[in-house]
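Line order of the protein sequences matches chains A and B. Quick note: the first sequence, position 80, residue 80 per my numbering, numbers continuous. Quick note: the second sequence, position 521, residue 1521 per my numbering, numbers continuous.
Derived from the structure by calculation, the hints contain no laboratory data. Quick caveat, the model's predicted, so the values are computed rather than measured. For every residue, glycine included, the Cβ atom is placed at its ideal position computed from N, Cα and C. Possibly wrong hints are sitting among the right ones.
Across the chosen pairs, the derived CB separations fall in these ranges [to be verified]:
(1) D107(A) / F1416(B): 33 to 43 Å
(2) E218(A) / L1264(B): 34 to 44 Å
(3) D107(A) / L1350(B): 27 to 37 Å
(4) W1062(B) / A145(A): 35 to 45 Å
(5) A145(A) / I1417(B): 41 to 51 Å
(6) I1293(B) / E218(A): 23 to 33 Å
(7) A1009(B) / W254(A): 27 to 37 Å
(8) M105(A) / L1054(B): 50 to 60 Å
(9) W254(A) / G1500(B): 42 to 52 Å
Sample of chain B residues lacking proximity to chain A, with all beta carbon distances greater than 10 Å (derived) [claimed, not checked]:
(10) P1065
(11) I1270
(12) G1304
(13) V1440
(14) P1481
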Amino acid sequence: MIGTGISVNSTTARRRHPLARVAVVALALGLLGGGYALAAPNGSTADAAIASGKADDADQGKSLFVAHCASCHGMNAEGSSKAPTLIGVGAAAVDFQVSSGRMPMTDSGPQALRKPRPEWATEEAISQLAAYVQSLGGGPTIPGAEQVDPAKGDPARGGELFRANCIQCHNFTGSGGALTYGKHAPTLNPATPTEIYEAMITGPQAMPVFNDTTITPEQKRDMIAYITHVRQQVDPGGSGLMRIGPVTEGLVAWIAGIGLLALAAIWITAKRRRVKA
Amino acid sequence: MNAPPKAIAGTSTFLDDRLGAGSFLKRNLRKIFPDHWSFLLGEIALYSFIILLLTGTFLTFWFKPSMGHTTYLGSYAPLYGVEMSEAYASSLHISFDVRGGLLIRQMHHWAALLFVAGMMVHMLRVFFTGAYRKPRELNWLIGVLLLSLALVEGLTGYSLPDDLLSGAGLRITQGVAISVPVVGTYLSFFLFGGEYPGHDVVSRFYSLHILLIPGILLALISAHMILMWVQKHTQMPGKGRTESNVVGAPFYPAFMAKAGAFFLFTFGVIALLGTFAQINPIWLYGPYTPADISAGSQPDFYMGFLEGSLRIMPAWEFNLFGYTFPMSVLIPALVPLGIVMTGLALYPFLEQWVTGDRREHHICDRPRNNPHRTAIGMAGMTFYGVLWLLGANDEISATFHVSLYSTTIFGRFAIFIGPAIAYVVAYRICIGLQRKDAEVLSHGVESGVIKRMPDGQYIEVHTPAAEDIAAHIRGGKKEIPIIDGGVDGEEVPPKGLRSGLGRLRAKMSKAYGTDHVPFHEEEEEHAAVGAGEHKQLH
């Protein structure tokens, strides 16, 4: 305290101030709370919901979970022999799987397929369910609208990343392709930008995870820009023939090309010269 | 009054005196061509080739056969600023920034598919009608050569734009080259001018694609046509058609008009496809990088059978004397191609060896009347077809939700069992159709008139087959010669048939030539035939 201009005695006196204890407790609580808020993994939707007084979201989500998911994933999302645990998969995984209709799974094929959502799975219900699963053990969160906005990405750069990382399963144009054991990489055409982003960070089913250190969020947005740009593109050369390459081209060449020309040949030779009797 | 003007008469006399043009034209313009729709199938290939030459020339005006690096600054936005080769950039330039470029590029590619497809259907027609027989064996060989060259022409062609898909094909080509035992590495380095992909392959393929191979194709096509002209076209069996005449229309004016119309049809279909069906959208594939590969990477259809054989091949390889022998690449690349092409080339000579048939043939066989040949052809088509189908196994798997491995396992069995089944089924169908023919000749055709006989029995009145149909059936049936090997185990076989191979030859000859359904028109009498003359019912 030497040289600070504050006497030892006055410090001691403040320490004994009637409000000192309150101040210390308040400081400690503040530090603890702030420290937790900083240290907690992923400032999550569930926490945000609790903080903003929508603590019911997670509760609502739990009841939805019990009604629609628990029969396979377990009452506490601990998983079962039929389905994996959902602790730590994050809100993004829930949003991807349920909004694309893949979950709840109705038939047990090699993989869950995109299908129309059940009636209960409204936007609100999905966010409640996501909040509940997020509250269980954190995990990747749902990206914001800004993060997936195709208009903000660079399609050319995204195209290069797309060709390097995606097309070996999803095809040049995201038309999808076959995988082993009856699985397949689905077409990317019906996927929303948010779903594409979520798929990259959660790695659903046979897909690997492309986390933010592998592909940065900006690069993901570039890829989304490329995918959406190409799928909206009107094929300049006529019908795109499913955009799967030479297989359909060959079919068209044989069926339409050779077919039409064989018909023409039949027609031409059907006109015979009449020999005068 | 009728004398031609001096300007015309003078010129034609000048040409006549020096070139013999008059007599040449007189002789050739009246050449008779037989009429059958299947005789025009080869012309699909011929006219596609002409369109390929024209559209290809257009493309060379802008295409840069260089693997030099450049940055794309053209009008296709999703590739703007992307690093690529000049070949790819100029292909994009043709597609997006040259007026009519995309249309011509697409027509060139569709014409290429129809060129090969046209050759294939033409070849099948020639095979199944036995039109390759003496004296046309050489023309058949030219045809097989044309087909092989067309495959190489196609491969070099679709490798030129240097897009990601063409690179995948090139990579497999390199894989095949390098898999050749002992000299593989040298071959690969020779082809690519060093380590794959190098900087030379596009310009080398360009020279092959626009100069060497089209030149040979043009020469061979001319030879093919001249031989056809000189040897005269085969004709379908029918009324008044013999081995020593040709029934049909004269080249000028009838056949020329038909051929001209068919050229326009071919042009029309190719233009239609080029306009309404997108082919090889290189801008979607992106520039080639050896590190990238896409799902659904298939070659053009005519290379599909090689792709399929590669896909169903188990991963066999062994090491010997420090060399690796990658059977998993070598066998699928060389064996099916060898079987198909060598089989095609040798078939006329094998058939001659088996039947001992040295006669000239100018009347087409009906496929049913040579059941073993038809069955062999169908087995070959099945062999090819299974491989072709399996070349697309991932698209089949993804589209129809079949397990990918199941398609592979199916292919591994089907490639052996399929041709055998096809052989038996085709053979039986041929025999069945022959029986039908025999029945038409001996029993006549159903007239739809029901007649009640005095004893109360109802029969359907059969009328004799129409004259032209009967002539077609009778004329199409020619016995296939059999080498006389003597009665098995009783007589001494003639010289040359005593060895194991000779005995096999005699046996095969007997099987190949035996007619199981001979016609017995005279012997068999049917109550109903002829009864049709009294058709009026009482």
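Quick rundown of the hints versus the structure:
| no. | hint | result |
| --- | --- | --- |
| 1 | D107(A) / F1416(B): 33 to 43 Å | holds (35 Å) |
| 2 | E218(A) / L1264(B): 34 to 44 Å | violated (55 Å) |
| 3 | D107(A) / L1350(B): 27 to 37 Å | violated (54 Å) |
| 4 | W1062(B) / A145(A): 35 to 45 Å | holds (43 Å) |
| 5 | A145(A) / I1417(B): 41 to 51 Å | violated (57 Å) |
| 6 | I1293(B) / E218(A): 23 to 33 Å | holds (26 Å) |
| 7 | A1009(B) / W254(A): 27 to 37 Å | violated (52 Å) |
| 8 | M105(A) / L1054(B): 50 to 60 Å | holds (56 Å) |
| 9 | W254(A) / G1500(B): 42 to 52 Å | holds (44 Å) |
| 10 | P1065 | holds (22 Å) |
| 11 | I1270 | violated (8 Å) |
| 12 | G1304 | violated (7 Å) |
| 13 | V1440 | holds (23 Å) |
| 14 | P1481 | holds (32 Å) |
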